[in-house]
Amino acid sequence: MPNIIPDWIASLEDEEINFIKKFLLASGSLKEVARLYNVTYPTVRLRLDKIIQKVKINDSEMNEPYIAMIKRMAIDDKISLETAKIIINEYKKQKGK
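In the working numbering, the protein residues as written are 12 to 108.
Hints may be right or wrong, so weigh each one.
[Stated by the list, open to error] Think about it this way: if two alpha-carbon atoms lie no more than 30 angstroms apart in a straight line, the pair counts; the simulated DSS-like pairs of lysine-lysine are:
#: 1; residue 1: LYS103; residue 2: LYS65
#: 2; residue 1: LYS89; residue 2: LYS104
#: 3; residue 1: LYS42; residue 2: LYS61
#: 4; residue 1: LYS67; residue 2: LYS33
#: 5; residue 1: LYS103; residue 2: LYS67
#: 6; residue 1: LYS89; residue 2: LYS65
#: 7; residue 1: LYS32; residue 2: LYS67
#: 8; residue 1: LYS89; residue 2: LYS33
#: 9; residue 1: LYS32; residue 2: LYS103
#: 10; residue 1: LYS67; residue 2: LYS89
#: 11; residue 1: LYS32; residue 2: LYS42
#: 12; residue 1: LYS104; residue 2: LYS65
Worth flagging that the hints you see were computed from the coordinates, not collected in a lab.
Produce the entire structure from the sequences given, and follow the hints as far as they go.
See the structure below:
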C-alpha cells in the first residue's frame, strides 16, 4: 500500500504537525498542551485556530487557488488581514467581469 500524505497535512509546517501530534497525545486537552509548551491557554487556542484555518484553506484551494494563497499569506502574517480582504475583493471583481 503506497504511503500517501493528504494535501492538508502536506501544507502544514513541521512544527504545526508536531503541535497536532502533541494535541492528539494529550487527548485534545488544550490545557495539557499549554503546559507542555509552557504557554498560556489562549496562546494554544490561537495556534490551533491558525492550523484549523490552514486546513480549511487547503480544502478550498482546488476551487480558488489564488484566494487560498492570499488567505494563507494573511494567516502566516505575511500580509495584513485588511490587505488580504482588499486583494480578494478586487480579484473577485475582476473575475466577475
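Evaluated hints:
no., hint, result
1, LYS103 with LYS65, "holds (21 angstroms)"
2, LYS89 with LYS104, "holds (23 angstroms)"
3, LYS42 with LYS61, "holds (17 angstroms)"
4, LYS67 with LYS33, "holds (20 angstroms)"
5, LYS103 with LYS67, "holds (19 angstroms)"
6, LYS89 with LYS65, "holds (14 angstroms)"
7, LYS32 with LYS67, "holds (19 angstroms)"
8, LYS89 with LYS33, "holds (26 angstroms)"
9, LYS32 with LYS103, "violated (37 angstroms)"
10, LYS67 with LYS89, "holds (18 angstroms)"
11, LYS32 with LYS42, "holds (15 angstroms)"
12, LYS104 with LYS65, "holds (24 angstroms)"
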